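Participant: Residue strings, one per chain:
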Amino acid sequence: MEQIIVGMADCKVGNVPGQLLATYALGSCIGLSVYDAQANVGGLLHYMLPDSTIDPARSKENPYMFADTGVPKLLDMVCGHGASRRRLVAHAAGGASIMDPKAIFDIGKRNYLALRKILWKAGILLAGEAVGGGNSRTVRLEIGSGRLWLQEGGGQKTLVPSFPAKGANSWPTVS
Amino acid sequence: MNDTTVRDALSTAVSDVLESMFFLEALGEAPEPPPEAETVTALVTFDGDPPGSFYMRLASMAANSIAADFLGEDPGTLTEQQSTSVTLEMANMICGAVLSRIESSGSFRLGTPRIAAWDATAAETMQETRYTVDTGNGTLTVAIQMETRTCSPAERSAY
Amino acid sequence: MAYRVLITDDSPAMRAFVRRVIELSGFELSACFEAGDGAEALDVLHKEWVDAILTDINMPGVDGEELLRRLAADESLRGIPAIVISTDATQSRISRLMALGARGYVTKPFRPEALRAELERTLGVPSE
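Each protein sequence line maps, in turn, to chains Z, P and Y. No gaps in the numbering here: position 86 of the first sequence is 86 in this note's numbering, and each next residue is one more. No gaps in the numbering here: position 130 of the second sequence is 130 in this note's numbering, and each next residue is one more. No gaps in the numbering here: position 67 of the third sequence is 67 in this note's numbering, and each next residue is one more.
The following block holds chain Z by itself, in its conformation from the complex (with noise of 0.2 Å):
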C-alpha cells in the first residue's frame, strides 16, 4: 500500500488503487476529501487559511494554502485524471477551535465557512463531516476501496465502506 502523505498547505491525487491519502495534523486547518467511485480518482486537500486575498503572492506560490485557491486546483485536479465533479464524494475534517488568547476570529470556523461557501458555487455538497471542536484531527483516504478513515482525540474510526454504498457511510452525516 502506497502512502501519499499531504502536508500543511499540500494537496494530492490518487488514481491508483491501494494507494493512501492521508493528512494529520488538521486543527484550525481543514481536510476536504473528494471521491469518485467510478473513475476511482480521489483527492485530498489540506488548506489552512480561508482567503487568499491577503496575500495574492503567496497563493501563487502555494494555491494549497488557501480554500479560494486551493479547492478549485483540487477539483481540476481529480477531473483531470478522469473524475467527474457530478460524481464526487465529499467529505470535511477539521476547523477546529484552537484557543489562542491572542487570536480575535475563530480561524477554524471561518476556514470552514469558506468552504461551504466555495463548495456550494461549485455545486457539491458535503457528504459528511467532522469538524469544529478542540480536537485535531487525521484523515485516510484509501484510493479503489473510497474507504475514508479519521483519527480524532486517540480514537480512529471507519467511516465511509468500500463502495458502492451512497449514504450509508457512517460520519457524522451534515444535515
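Treat the hints loosely; a few may be bogus.
[What the hints assert, rightly or not] When the alpha-carbon atoms are kept at most 20 Å apart in a straight line, the in silico SDA-like pairs for lysine to any residue are as follows:
1. Z:Lys117 / P:Gly136
2. Z:Lys109 / P:Asn137
3. Z:Lys117 / P:Thr4
4. Z:Lys117 / P:Glu38
5. Z:Lys121 / P:Asp74
6. Z:Lys117 / Y:Leu24
7. Z:Lys157 / Z:Lys73
8. Z:Lys109 / P:Ala26
9. Z:Lys117 / Y:Ala114
10. Z:Lys109 / P:Asp74
11. Z:Lys109 / Z:Leu125
12. Z:Lys121 / P:Asn137
13. Z:Lys121 / Y:Glu23
14. Z:Lys117 / Y:Gly26
15. Z:Lys117 / Z:Phe105
16. Z:Lys109 / P:Ser20
17. Z:Lys73 / P:Asp74
18. Z:Lys121 / Y:Leu24
19. Z:Lys121 / P:Thr77
20. Z:Lys73 / Z:Leu125
Worth flagging that the hints you see were computed from the coordinates, not collected in a lab. This one's a predicted model, so the numbers in the text were calculated from it and none came from an experiment.
Given the coordinates of chain Z, work out where chains P and Y should sit on it, guided by the hints.
Facilitator: What follows is chains P and Y alone, placed relative to chain Z:
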C-alpha cells in the same frame, strides 16, 4: 420584555442565518453606518404578540456579493432583481428567526418583505432594539420595533 | 430516474436556491415548476403531474397551510409528497402541517444538506 433578551435574539438570529444560508460569519458588533451610506433596506411587518416591524439595512456592496454567492451566480451577471430578491429573503429569514425566539404565544405572521427607506425611528408606543454587525463585506444593521406592553403574557401567567 | 417537482415560495431567490439544492443532491429534474403562492401551485398541479411539492408557508393569497389543506381534500393530489420549508419553527405549526399530510419539514434558515436529507427521506436516495 427587556432589551437584552431582544438584542440576544437579534444577534443569534443574524449569526444563524448568515452562517447556514449565506456562509458568512458575523464578525462582531460594528458601528451603524451613517444615513448617507450606500445601503439597501428591507422592511418586514408582522402580526403577533406583540405586532411590530423589522428592518434590515445592508451595505449595497455586501448585498451584491451575498446574492451572487447565495444563488451560485457570477456577481458580474447578477440582475438587480436577483439581488433584491435575496436581500428580501434574508430579511424574511432573520425576522422569522428573531420572532421564533421572542414571541411569547408562539404564533406570528410575517408580511411580505419589501424594500423601504431606512427609517428606524420608533414611535413612542414602540420599543426598538438595534444591532449592527460586520459581515466581512460590509455592515448589516437589524432593528425590531414592537408595541410595548407592561407585562408579557408569559410573565402574566407566572402569577 | 428523472423527477418532476413543484417549488412554491413567494421569493424567487428562495425558489432558485431550493432548485439548486435539489439538483446538487443528485435528483435529476425533467421538470421543475415554480409558483409564487398556493393558488398558482394548484393551477400547476391541475395541469401537470409532479413527484414532489416543496412549499413555503408564509405567502400572500393562498398560503402554504391552505395549500396543504386543499391538497388533502383533493383525491387526485393528496398522494403527492409535500415538504414544507418555512421560517415558522413552532411545534404547533409543525404538528398541524404534518397532520395535514406534509411528509417533511425544513426550518429556514437551513443548511442545503438538511434539505437533501429531507428529500432523501421523502423520495429515497436518488438512483444514478
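Participant: Checking one constraint from the list: CA of lysine 121 (chain Z) to CA of leucine 24 (chain Y), max 20 Å. Satisfied?
Facilitator: holds (11 Å)
Participant: Can the restraint linking lysine 109 (chain Z) and alanine 26 (chain P) be considered satisfied, given a maximum Cα separation of 20 Å?
Facilitator: OK: lysine 109 (chain Z) and alanine 26 (chain P) at ~11 Å, within 20 Å.
Participant: Straight-line Cα separation of lysine 121 (chain Z) and glutamate 23 (chain Y) no greater than 20 Å?
Facilitator: holds (13 Å)
Participant: Check whether the Cα positions of lysine 73 (chain Z) and aspartate 74 (chain P) lie no farther apart than 20 Å.
Facilitator: holds (19 Å)
Participant: Straight-line Cα separation of lysine 117 (chain Z) and leucine 24 (chain Y) no greater than 20 Å?
Facilitator: With Cα atoms ~14 Å apart, lysine 117 (chain Z) and leucine 24 (chain Y) stay inside 20 Å; holds.
Participant: Take a quick look at whether lysine 109 (chain Z) and aspartate 74 (chain P) sit within 20 Å of each other, Cα to Cα.
Facilitator: violated (25 Å)
Participant: Mind checking the alpha carbons of lysine 109 (chain Z) and serine 20 (chain P) for me, to see if they're no more than 20 Å apart?
Facilitator: Between lysine 109 (chain Z) and serine 20 (chain P) the Cα gap is close to 12 Å, so the pair holds against 20 Å.
Participant: Taking 20 Å as the top limit, are the C-alpha atoms of lysine 73 (chain Z) and leucine 125 (chain Z) close enough?
Facilitator: Distance ~17 Å between lysine 73 (chain Z) and leucine 125 (chain Z) Cα, so the pair holds.
Participant: Taking only the CA atoms, is the gap from lysine 157 (chain Z) to lysine 73 (chain Z) under or equal to 20 Å?
Facilitator: violated (28 Å)
Participant: Is lysine 117 (chain Z) close enough to alanine 114 (chain Y), meaning Cα to Cα at most 20 Å?
Facilitator: holds (16 Å)
Participant: Given the hinted pair lysine 117 (chain Z) and glycine 136 (chain P), is their Cα-Cα distance within 20 Å?
Facilitator: holds (14 Å)
Participant: Lysine 117 (chain Z) and phenylalanine 105 (chain Z): Cα distance at most 20 Å?
Facilitator: holds (18 Å)
Checked against the numbered hints given earlier, the structure breaks hints 3, 4, 7 and 10 and satisfies all the rest.
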